[in-house]
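Take the sequences, apply the hints, and build the full model.
Protein chains: 2
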Amino acid sequence: MTRKRISESTIHRLSLYYRALSLLEKENYETVSSKELAKREKLTPAQVRKDLSFFGTFGTRGLGYPVRELKHQISSILGIDRVWRVALVGVGNIGSALVSYKEFAKQGFQIVKLFDNDQRKIGSNHKGIVISDIANLETELREANIEIVVLAVPATVAQYITDDVVRAGIKAILNFAPVNLKVPPDIYLRHENMSMELEYLSFALVNNHVPKRNS
Amino acid sequence: MTRKRISESTIHRLSLYYRALSLLEKENYETVSSKELAKREKLTPAQVRKDLSFFGTFGTRGLGYPVRELKHQISSILGIDRVWRVALVGVGNIGSALVSYKEFAKQGFQIVKLFDNDQRKIGSNHKGIVISDIANLETELREANIEIVVLAVPATVAQYITDDVVRAGIKAILNFAPVNLKVPPDIYLRHENMSMELEYLSFALVNNHVPKRNS
DNA sequence: TCATATATGTGAAAAGGTTCACAAGAATAT
DNA sequence: ATATTCTTGTGAACCTTTTCACATATATGA
Numbered sequence: 001m002t003r004k005r006i007s008e009s010t011i012h013r014l015s016l017y018y019r020a021l022s023l024l025e026k027e028n029y030e031t032v033s034s035k036e037l038a039k040r041e042k043l044t045p046a047q048v049r050k051d052l053s054f055f056g057t058f059g060t061r062g063l064g065y066p067v068r069e070l071k072h073q074i075s076s077i078l079g080i081d082r083v084w085r086v087a088l089v090g091v092g093n094i095g096s097a098l099v100s101y102k103e104f105a106k107q108g109f110q111i112v113k114l115f116d117n118d119q120r121k122i123g124s125n126h127k128g129i130v131i132s133d134i135a136n137l138e139t140e141l142r143e144a145n146i147e148i149v150v151l152a153v154p155a156t157v158a159q160y161i162t163d164d165v166v167r168a169g170i171k172a173i174l175n176f177a178p179v180n181l182k183v184p185p186d187i188y189l190r191h192e193n194m195s196m197e198l199e200y201l202s203f204a205l206v207n208n209h210v211p212k213r214n215s
Numbered sequence: 001m002t003r004k005r006i007s008e009s010t011i012h013r014l015s016l017y018y019r020a021l022s023l024l025e026k027e028n029y030e031t032v033s034s035k036e037l038a039k040r041e042k043l044t045p046a047q048v049r050k051d052l053s054f055f056g057t058f059g060t061r062g063l064g065y066p067v068r069e070l071k072h073q074i075s076s077i078l079g080i081d082r083v084w085r086v087a088l089v090g091v092g093n094i095g096s097a098l099v100s101y102k103e104f105a106k107q108g109f110q111i112v113k114l115f116d117n118d119q120r121k122i123g124s125n126h127k128g129i130v131i132s133d134i135a136n137l138e139t140e141l142r143e144a145n146i147e148i149v150v151l152a153v154p155a156t157v158a159q160y161i162t163d164d165v166v167r168a169g170i171k172a173i174l175n176f177a178p179v180n181l182k183v184p185p186d187i188y189l190r191h192e193n194m195s196m197e198l199e200y201l202s203f204a205l206v207n208n209h210v211p212k213r214n215s
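If you read the sequences in order, they're chains A and B.
Residue 138 in this note's numbering sits at position 138 of the first sequence; the count goes up by one each step and never skips.
Residue 18 in this note's numbering sits at position 18 of the second sequence; the count goes up by one each step and never skips.
One or more of the hints may lead you astray.
Pairs of lysine-lysine, BS3-like flavour, derived with a Cα cap of 25 Å [to be verified]:
1) B:Lys-26 to B:Lys-39
2) A:Lys-102 to B:Lys-121
3) B:Lys-121 to B:Lys-102
4) B:Lys-121 to A:Lys-127
5) A:Lys-26 to A:Lys-102
6) A:Lys-121 to A:Lys-102
7) B:Lys-121 to A:Lys-42
8) A:Lys-39 to B:Lys-171
9) A:Lys-182 to B:Lys-35
10) B:Lys-182 to B:Lys-171
11) B:Lys-102 to A:Lys-121
12) A:Lys-26 to B:Lys-127
13) B:Lys-26 to A:Lys-182
14) A:Lys-182 to B:Lys-42
15) B:Lys-39 to A:Lys-182
16) A:Lys-171 to B:Lys-42
17) A:Lys-102 to B:Lys-35
18) B:Lys-127 to A:Lys-127
19) B:Lys-171 to A:Lys-42
20) A:Lys-121 to B:Lys-127
21) B:Lys-102 to A:Lys-182
22) B:Lys-182 to A:Lys-35
23) B:Lys-182 to A:Lys-39
24) B:Lys-102 to A:Lys-102
25) A:Lys-171 to B:Lys-182
Hints were generated in silico from the structure; no laboratory data involved.
And the structure:
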């Protein structure tokens, strides 16, 4: 299905374009040029055009891109023009915050299951979702037709839980634990390492680092 | 001060090496090879060696790298062998989670000030820190000698707050709001976009994307 | 002590990603 | 209708990053 090998950077930038287009739409823009789009996300016009060109031709010469239409196209490319059934494992600090994080829902990532191993939490209702026992992870992930699992558990147990998740047939995992996880090659695994960017800032301050671009 | 221009990717990987070395230290390893280090973070041995070579020669041929020593060196390169005075603006869902996030403290990022605009929160004690009024942001950032500011505020107000933060002389900002921010060129600005990785997973699932490597 | 195995450090090659530059199409003004 | 301006789409050039491959150094075992 992959026409050409799309780089990770391009995909990440699609997220940025989508975000910018959402805003432009709210501001009642009909069309937008690659120049304006680039400016808003601190990129170059050529980069914007090249990225989009991998997926088709969406613009009109002399005019630019139709905001609503392009936004829709990108959402379709990213697969966020639908609802994804997401389960969150670990309803601690980070986990709780993620349940309430509006941005996820807005983009179709619906958290429909919560898991924890804390007896005090299991069975209780958290933002409208009853917290399940992590002991039943595999079964309940299957029964609820979960497609994406978000891990917000301590690093020490992340691998065990991951093994369970993989056994449940889940193909996409987003891991917030600061540890690398072993998964079979057919599983999509991504990491959200929140210290990393702080460490980058630290490095930059200490070394007077000259970045190519901010962000 | 920059010997050579170090790439962002290299710096991010230093974070990974640091993490792996911390674990290796706990496991009582004396030395570690680039091969083992690479395996643990799903990289290649050559990559590890090349990255490290930008900063000096830390290894011993035939033996590998001394775990404790290399960990210390990397922490020094990243500037996390010291304490950073961090302020967090926005004590909502994400903000609260970040205050309790152990990983930050562990790496020297000490959150010493909290700000919010909610009258119910201002003056109250949150995990040992009294929440300040965001109206006094500029003054209090200066008075507390804050070096890094973390923004966990709604996208709609992020730019105004950023302007305040910049006026306070802060040179490093980590932004969790899903919006791009305008800052002068001498400010280090980084974004933590938590939807981005979910969107990547979505893209990967829909397009059967073949990644270069996981993560 | 010598041979063998191990593993670093690094130029050079290869791969990958970004920017350039321009032809071509569309809109707008005269 | 025509000229002018605007802006896309894209091959090619350029630049950056990764990987290769090997000389070099150390450790280990016989």
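Each hint, compared with the structure:
1. B:Lys-26 to B:Lys-39: Roughly 18 Å separates the two Cα atoms, so the pair holds.
2. A:Lys-102 to B:Lys-121: Holds - the C-alpha atoms of B:Lys-121 and A:Lys-102 are around 21 Å apart, at most 25 Å.
3. B:Lys-121 to B:Lys-102: Holds: B:Lys-121 and B:Lys-102 sit about 22 Å apart, inside 25 Å.
4. B:Lys-121 to A:Lys-127: holds (21 Å)
5. A:Lys-26 to A:Lys-102: Roughly 17 Å separates the two Cα atoms, so the pair holds.
6. A:Lys-121 to A:Lys-102: Status holds; Cα separation ~22 Å.
7. B:Lys-121 to A:Lys-42: Measuring from Cα to Cα gives roughly 35 Å; hence the hint is violated.
8. A:Lys-39 to B:Lys-171: At roughly 22 Å apart (the allowed maximum being 25 Å), B:Lys-171 and A:Lys-39 satisfy the hint.
9. A:Lys-182 to B:Lys-35: Given that 25 Å is the threshold and the Cα spacing comes to 16 Å, the pair holds.
10. B:Lys-182 to B:Lys-171: holds (13 Å)
11. B:Lys-102 to A:Lys-121: holds (21 Å)
12. A:Lys-26 to B:Lys-127: Violated - the C-alpha atoms of B:Lys-127 and A:Lys-26 are around 38 Å apart, more than 25 Å.
13. B:Lys-26 to A:Lys-182: holds (19 Å)
14. A:Lys-182 to B:Lys-42: Between A:Lys-182 and B:Lys-42 the Cα gap is close to 9 Å, so the pair holds against 25 Å.
15. B:Lys-39 to A:Lys-182: Satisfied, since the Cα-Cα distance of roughly 10 Å is no more than 25 Å.
16. A:Lys-171 to B:Lys-42: Answer holds: A:Lys-171 to B:Lys-42 is near 18 Å, not above 25 Å.
17. A:Lys-102 to B:Lys-35: violated (42 Å)
18. B:Lys-127 to A:Lys-127: holds (23 Å)
19. B:Lys-171 to A:Lys-42: holds (19 Å)
20. A:Lys-121 to B:Lys-127: holds (21 Å)
21. B:Lys-102 to A:Lys-182: holds (23 Å)
22. B:Lys-182 to A:Lys-35: holds (16 Å)
23. B:Lys-182 to A:Lys-39: holds (10 Å)
24. B:Lys-102 to A:Lys-102: holds (24 Å)
25. A:Lys-171 to B:Lys-182: violated (38 Å)
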